[in-house]
Amino acid sequence: MSENCIQEPLVRRAAVEDRWTDALRQHVASCQDCAAAAAAAPFMTQFARIDARQRALPDPAVLWLKAQILRGSAVAERAARPLNIAQMVSYVVIAAGWAGLLTWKWNELQQWVLRLTPASIVNEAAGAHSSMSATIVLAVLVLCSLTVLLGLHAILAEE
Amino acid sequence: MSALAAPSLATVAGAGGHAPQRPMDEARFESFYRASASGLWSYLHRLTGDPAAADDLLQKTFIRFIRATPGFASEEHMRRYAYRAATSVAMDHFRETKRRREVAEVEEQVAPSDSADLRHDMSRVFAELKPRERALLWLAHVEESDHEEIAEALGLRPRSIRVLLFRARKRLGELLTRRGMAPEGTR
Chain W
8 MSENCIQEPL VRRAAVEDRW TDALRQHVAS CQDCAAAAAA APFMTQFARI
58 DARQRALPDP AVLWLKAQIL RGSAVAERAA RPLNIAQMVS YVVIAAGWAG
108 LLTWKWNELQ QWVLRLTPAS IVNEAAGAHS SMSATIVLAV LVLCSLTVLL
158 GLHAILAEE
Chain B
328 MSALAAPSLA TVAGAGGHAP QRPMDEARFE SFYRASASGL WSYLHRLTGD
378 PAAADDLLQK TFIRFIRATP GFASEEHMRR YAYRAATSVA MDHFRETKRR
428 REVAEVEEQV APSDSADLRH DMSRVFAELK PRERALLWLA HVEESDHEEI
478 AEALGLRPRS IRVLLFRARK RLGELLTRRG MAPEGTR
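Here the protein sequences come in this chain order: W and B. Quick note: the first sequence, position 112, residue 119 per the numbering used here, numbers continuous. Quick note: the second sequence, position 93, residue 420 per the numbering used here, numbers continuous.
Extracted from the complex, chain B is given alone in its bound form (with noise of 0.2 Å):
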């Protein structure tokens, strides 16, 4: 997969780029972080796998998403670029470590919980699939991204995202038939 470059705004232009930009200030952005910061680190964790990394890629995310731009036309333009941020560094992170393999056993040392089987299970799963089709799963089933949002935060054309999704879609749905985990009922 190719890295993302650091995110610009004009690559994020479609949520108000064009509207007048409004400073960020520490308020501002605090009020942001409150009401994204948990979406972003569950987005860097599913990626990663790693909830170490995520917490480290969150700070860089936010440090990067601060320094990138004295203002910003609007929320949505605000998401969308952090979001971009994010994915820019979790590709990062990814050519840096090169561990794209180990996440399945990153994701063993997590402190067992009532849930532990469950969560082993579906994150070894998940783990399998490439860190684009995760980015791209997550975006659109929890982000509920539409198909412009996640080619920006991905760096893709939209007119890609749709076949993009549909094998992302088709991949993770072998690998649940393949561990007897696939949903019924559609037929």
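Excised from the complex, chain W in its bound form (with noise of 0.2 Å):
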């Protein structure tokens, strides 16, 4: 049963207006929705009446605007979202790939940075002696070249 008693309508008349037949009073004191309804209905109708607002509704072309607005920004956040994860899977990559550099090839990165000296980077550089694999250079190279890049486009896109 969640339909309103048949009555209802005529009870909250008579209770807002006072005028009350027999059978409505009869039908009050035998149904409890009718009673509460009729106890509630004046005070509902004169509460309604008072009007307390202070300021113009705002207009509907503002509320129309801005509602595309906030539209259009949640539809850029949607488009923008695919590269925001993008962007996080690549910072994730390059600081795995640094830790894993690191740990794989610590003792070996440790001593070619002990060694580095002017003299050293020259003779490298012209290719009498290498202290470090060539895999991990390019690897180091790689990683430094992704960072940079990574780090540019973060500021960049900021500005």
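Since the hints were derived computationally from the structure, they do not count as laboratory data. Warning: the hint list may mix true and false statements.
What the hints assert, rightly or not - In the SDA-like style, the derived pairs of lysine to any residue whose C-alpha atoms are separated by at most 25 Å in a straight line are:
hint, chain 1, residue 1, chain 2, residue 2
1, W, Lys-73, W, Ile-92
2, B, Lys-497, W, Ala-36
3, B, Lys-387, W, Arg-62
4, B, Lys-497, B, Gly-507
5, B, Lys-387, B, Phe-493
6, B, Lys-387, B, Glu-460
7, W, Lys-73, B, Ala-379
8, W, Lys-73, B, Ala-354
9, B, Lys-387, B, Gly-482
10, B, Lys-457, W, Gln-39
11, B, Lys-457, B, Ala-364
12, B, Lys-387, W, Ala-74
13, B, Lys-457, W, Asp-58
14, B, Lys-457, W, Ala-55
15, B, Lys-387, W, Ala-36
16, B, Lys-497, W, Asp-25
17, W, Lys-73, B, Ala-400
18, W, Lys-112, W, Pro-125
Two chains, each in its own frame: build the complex with the hints.
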């Protein structure tokens, strides 16, 4: 039972106008829902008549425009989501790359850094003597390049 | 009271959800707004007890309404959706601010007028009700919504409305009796 009592509209009107018939009084005495409705109706009617608005309602054209702007922002946000995800993935991949390289070749890199002098750089550039394998040098170069590229992308995107 | 999720059109399909949808354009929106904004503002004001909050929530309601869908099947469908959205933003407001008990204080800040005392007393009584009770009473008595419409607006099952409305009315009756504002002549 979810429906109103069929007498409820009449009871509410009688309560608001304070015009009761015997039949309605009898009904209210036997119907809890209508008795409660009769108790609330005059108050609610009077309360609804009090106009408390102090300012004019906003212009519908402004609301329409606002909604369109927000809708546009939401569309742009949705479109940018894959790019943001790709950026986050690349941060993780590069960080993992650095972590992997440093863990895997820590001793070799440490020794190379300790031996690093201007003379050794010149010698290595001339190919006279190489203290590190070409693979590691290549990996370091690639990771450095990617880190710089990603850093520049983040800075430029923010600007 | 559990918060309402943002309403989906499927939940307000009773008023023509199966009929073909007509596109929502600015002219249609403006026509609906002119017809419904005042009533929605009053509903939000009575729920929150705060005219400034009602202004803000009215804007949120209509922005949510416009963004919800490209079209509605009928004016009644639009009205039902708007009340559901209004209830939802009001409940979000309660959750965010957690100031249900301050409603009476907000009412006191309203500029006085000829009917200031009466308005003050009535607002105080109404503010003592829970937000859901206020919504139930307003929708039933002022908007004259049936149980199905009230259920849609509040995100409740239609079967529960009769009991909830009875309790809300009874509670209001008790408050009015306690303050000597109860109506006479029903017996």
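Hints versus structure:
no. : hint                   : result
1   : W:Lys-73 to W:Ile-92   : violated (28 Å)
2   : B:Lys-497 to W:Ala-36  : holds (15 Å)
3   : B:Lys-387 to W:Arg-62  : holds (17 Å)
4   : B:Lys-497 to B:Gly-507 : holds (15 Å)
5   : B:Lys-387 to B:Phe-493 : violated (31 Å)
6   : B:Lys-387 to B:Glu-460 : holds (22 Å)
7   : W:Lys-73 to B:Ala-379  : holds (19 Å)
8   : W:Lys-73 to B:Ala-354  : holds (15 Å)
9   : B:Lys-387 to B:Gly-482 : holds (18 Å)
10  : B:Lys-457 to W:Gln-39  : holds (21 Å)
11  : B:Lys-457 to B:Ala-364 : holds (24 Å)
12  : B:Lys-387 to W:Ala-74  : holds (9 Å)
13  : B:Lys-457 to W:Asp-58  : holds (22 Å)
14  : B:Lys-457 to W:Ala-55  : holds (18 Å)
15  : B:Lys-387 to W:Ala-36  : violated (44 Å)
16  : B:Lys-497 to W:Asp-25  : holds (19 Å)
17  : W:Lys-73 to B:Ala-400  : holds (23 Å)
18  : W:Lys-112 to W:Pro-125 : holds (23 Å)
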